Amino acid sequence: MKPTITFGRLCLNTGIGLAALLWFLPILVAIWVAIHPASDQASFSLFSPLTLQNFVNAWHAAPFGRYFLNTSLLVLMIVVVQLILATMAAYALVRFRLKFSGAIFALILLQLMISPDVLILNNYKTIGALGFRDTLTGIALPYFSSAFAIFLLRQTFKSIPLVLEEAAIVEGASRFYILRKIYIPLAKPIYVAFALVSISFHWNDFLWPLVITDSVNVRPLTVGLQLFSAPEQGVQWALIGAATLMTTLPLLVLFLIFQRQFIQSFMRAGIR
Numbered sequence: 024m025k026p027t028i029t030f031g032r033l034c035l036n037t038g039i040g041l042a043a044l045l046w047f048l049p050i051l052v053a054i055w056v057a058i059h060p061a062s063d064q065a066s067f068s069l070f071s072p073l074t075l076q077n078f079v080n081a082w083h084a085a086p087f088g089r090y091f092l093n094t095s096l097l098v099l100m101i102v103v104v105q106l107i108l109a110t111m112a113a114y115a116l117v118r119f120r121l122k123f124s125g126a127i128f129a130l131i132l133l134q135l136m137i138s139p140d141v142l143i144l145n146n147y148k149t150i151g152a153l154g155f156r157d158t159l160t161g162i163a164l165p166y167f168s169s170a171f172a173i174f175l176l177r178q179t180f181k182s183i184p185l186v187l188e189e190a191a192i193v194e195g196a197s198r199f200y201i202l203r204k205i206y207i208p209l210a211k212p213i214y215v216a217f218a219l220v221s222i223s224f225h226w227n228d229f230l231w232p233l234v235i236t237d238s239v240n241v242r243p244l245t246v247g248l249q250l251f252s253a254p255e256q257g258v259q260w261a262l263i264g265a266a267t268l269m270t271t272l273p274l275l276v277l278f279l280i281f282q283r284q285f286i287q288s289f290m291r292a293g294i295r
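With my numbering applied, the sequence shown corresponds to residues 24 to 295, in that order.
There could be a bad hint or two in this list.
Taking lysine-lysine and the PhoX-like style, the derived pairs with C-alpha atoms no more than 20 Å apart in a straight line are [as the list claims (entries may be wrong)]: (1) K181 - K204; (2) K148 - K181; (3) K122 - K181.
What the hints contain is simulated information worked out from the structure, not anything from laboratory work.
Small disclaimer: the values here were computed from a predicted structure and weren't measured.
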């Protein structure tokens with residue numbers, strides 16, 4: 024029986040390794056293309072000369088500095104507002120005696136079943152009517168409310184003993200003080216997990232920013248990279264590979280730093 028278990032584990036590990044290699048293969052190709060001169064990119068020789076000039080050329084070929092600033096401000100705005108609104112909504116659903124709290128929570132969960140791409144036309148009309156077209160606020164506004172964040176925080180807040188809040192109320196603590204000192208610290212792993220997911224999604228979001236933006240001043244990285252690599256600009260794989268690595272490197276570094284907290288957070292965020 025023992026050799027069978029060992030063989031099965033070996034097959035599982037081999038399958039995981041192959042899947043990881045297939046996932047990482049495009050990044051390896053981008054790295055190879057980005058650090059070699061154009062004349063040596065197709066040779067795949069280990070002795071080919073290395074260069075970082077492609078990164079310098081890519082940085083100066085398009086306003087990537089502005090793209091990075093726009094994307095950072097956009098993601099920061101969305102994540103902060105999402106966490107604030109989700110915290111207040113989850114706390115209200117858990118601790119306030121709302122007459123239709125179950126129906127309200129069900130309506131919130133309906134958002135998870137609707138793809139954001141389906142609402143692009145309606146969102147475009149609404150954002151245009153509000154005068155926020157071609158602005159960072161216009162890009163971020165449809166994402167300020169996150170049903171996923173509300174769901175995660177609601178399940179976490181439900182697991183916190185009510186006696187902690189009752190004791191704080193007896194001592195004269197306000198609702199906001201209780202929220203800041205009890206609920207938010209105990210839900211810190213959930214905040215970290217959702218923040219990483221939200222940052223990754225909005226850093227890579229492409230279709231909605233493409234539709235709502237017209238100028239370089241508010242254009243995020245994804246749209247800027249697509250325009251930079253457009254065929255009419257001439258396909259230069261070295262510059263495209265370097266630009267791709269520059270745009271994805273922050274997310275890779277962020278995940279490597281917080282990967283343990285990310286995995287542990289979702290293991291603790293089970294449905295209660």
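Going through the hints against the structure:
no., hint, in the structure
1, K181 - K204, "holds, 16 Å"
2, K148 - K181, "violated, 38 Å"
3, K122 - K181, "holds, 18 Å"
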